[in-house]
Amino acid sequence: MSTATAAKPKLKTSAMIASIAGEGQRTVAAPFGHALVKLAAERPEVVGMTADLAKYTDLHIFAQAYPERFYQMGMAEQLLMGAAAGFAHEGAMPFVTTYAVFATRRAYDFMHQTIAEDDLNVKIACALPGLTTGYGPSHQAAEDLALMRAMPGMTIIDPCDALDIEQMVPAVAEHKGPVYMRLLRGQVPLVLDEYDYKFELGKAKLVRDGRDVLVISSGIMTMRALEVAKALEADRVDVAVLHVPTIKPLDTSTILREAGRSGRLVVVAENHTTIGGLGEAIATALLTAGVTPPFRQIALPDAFLDAGALPTLHDRYGISTNVMASTIKNWLG
Amino acid sequence: MDISVAANRARVAEHAYCIRRNALRMGEVQGQGYIAQALDIADVLAVAYFNSMRYRPEDPDWEGRDRFLLSNGHYAIALYAALIEAGIIPQEELETYGSDDSRLPMSGMASYTPGMEMSGGSLGQGLTIAVGRALGLKRKGSDAFVYTLFSDGELDEGAIWEGLMSAAHHKLDNMIAIVDVNNQQADGPSSQVMAFEPLTEKMQAFGWFTQRIDGNDLDAVIAAFDAARNHPLPQPRMIIADTLMGCGVPFLEAREKNHFIRVDAHEWQLALEALEAGRNQA
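If you read the protein sequences in the order shown, they are chains W and D.
Using this note's numbering, read the first sequence as starting at 1 and increasing by one per residue.
Using this note's numbering, read the second sequence as starting at 1001 and increasing by one per residue.
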């Protein structure tokens, strides 16, 4: 039979370690690991702790540089958080790593009770935030920001790229108190160096200005928004991008100032479920202040997400550059 | 018995009596409290604070102190009683127990109370914090010990076993854990809620130097605390203390066992009198 010899179409992979870097994109290897090594040289109180995920959170770079300051806590996230609290009580500044799902969903009470309630200086860095793996809901932390925002005293960072991560690490060390950081690991895209941008804890930054649309975004969605802005230039749509790397405390004054400039559609773009993330935080801030521009949300659905190749899933859920660009164009009519 | 040993025992016994009395007086203030647990653990706390631990009452945060972590936050009434007896909390604050704006809330919280080293209440967390503290002390080159108390009911929590494994893995010989086995938790006898025996063998298998004692036999408690501190091998130390709820007040000892025993308003004074009578007999 002739069909027996026809080559099967190559299936797309659902590999867990899919990079979020696009083809040909400039990247930096393990920016978190290297930034932490640099920080540790200046701050002897820094220690690294993980729950069997050093290699997958770039903490192995730190472990190689400072083996005596690296603590393997086993695949035990509750222990990881409790022990980090104890370590911080004794004056250390633990940087603890795991995946976002395991920290936020599995060890929530330990972060809440042992770390946050006592305002301890623990920095929680979590890989695979939002939809950054195609492995399925067990590893997709679509609700991590909602959970962490609800925890009093927790500072929350959602970095965009390697530059953000590199500058975030010393900044969170400078900040006294607990921090939850979304982590991009492995080959991490480098984007923000093309703009006049510097990470400042608690500050939203207008990375690009534009007359027609204001995209307010955090994390990798800022990278996507900048790509969308470039793509829509061809359609004579002028897109501004306000990057909000600090989710909590929210830089309300900058957001109100930019969203209050009349004539622009405001689109909040986040790598997170529509519930409880940046979109709702901004909506609350706008309504409370009586600032009511046309408002739309680009976010993951309130659903258990599919397994599959990451580009497929980003298309499916509307957070890829292409789909996001056409969505915004449709909204503009 | 060696005279100095007997004198030490008598001294610690007097502190144990005062801890029980402080706890009963706090119970009387609120008309409630985990008094049966406070009475069962008073001997252990007396030995911890008046035989074993190093601390400075006038400086509760003194860097060289031994740390005491109360995992079972509802035992706060007992620890406050001990901290008052140790001079870390002024005697007169006893009257504020459980009241609004008091430094002595019903469940122990670190930010409220001098000498309270952790915020308990969500059970099963103390041992994990103790592991981090023990690691931190070792990194600082400190020779201080981390004591942590938890209850048999907490053995149901998975995090306890994470802590047990890691303490042995990291060879934390500066950790001394005490399990209060009073065989009572919220829904009934601990052994029926979730069977935990054979506990000694389990702890040994997890790599801990383990002693099991009658937690209301002062000589046994003193000997166990001394042995835990002096044990020569690089491993964490466990004391399993079988205790009697209500210990020291016969009519509470005899009362039907319950996680939260009922004490009627007029009974607090009777309990103090019964405690006093037992002291005079001793």
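I should point out that these hints are in silico values taken from the structure, not numbers from a laboratory.
Backbone N, C-alpha and C define an ideal beta-carbon position, used for all residues, glycine too.
Treat the hints loosely; a few may be bogus.
Unchecked claim - Facing chain D, from chain W, some residues (calculated, C-beta under 10 Å):
hint : residue
1    : Val47
2    : Gly86
3    : His89
4    : Tyr195
5    : Gly290
6    : Pro293
To be verified - Simulated restraints, written as ranges between beta carbons of each label pair:
hint : chain 1 : residue 1 : chain 2 : residue 2 : range
7    : W       : Pro44     : D       : Met1194   : 37 to 45 Å
8    : W       : Asp109    : D       : Asp1100   : 45 to 53 Å
9    : W       : Thr284    : D       : Trp1062   : 39 to 47 Å
10   : W       : Gln64     : D       : Ala1010   : 37 to 45 Å
11   : W       : Leu11     : D       : Gly1207   : 43 to 51 Å
12   : D       : Tyr1112   : W       : Ser253    : 30 to 38 Å
13   : D       : Arg1229   : W       : Gly153    : 30 to 38 Å
14   : W       : Gly202    : D       : Asp1156   : 39 to 47 Å
15   : D       : Met1194   : W       : His175    : 36 to 44 Å
16   : W       : Thr284    : D       : Phe1251   : 23 to 31 Å
17   : D       : Asp1100   : W       : Gly290    : 47 to 55 Å
18   : W       : Leu332    : D       : Asp1156   : 44 to 52 Å
What the hints assert, rightly or not - Simulated coverage check for chain D against chain W, where a stretch passes if three residues somewhere in it have a Cβ under 8 Å from a Cβ of chain W:
hint : segment
19   : 1130-1141
20   : 1157-1170
21   : 1220-1228
May I ask which of the numbered hints given earlier this structure violates, with the numbers listed in increasing order?
4, 5, 6, 8, 10, 16, 17, 18, 21
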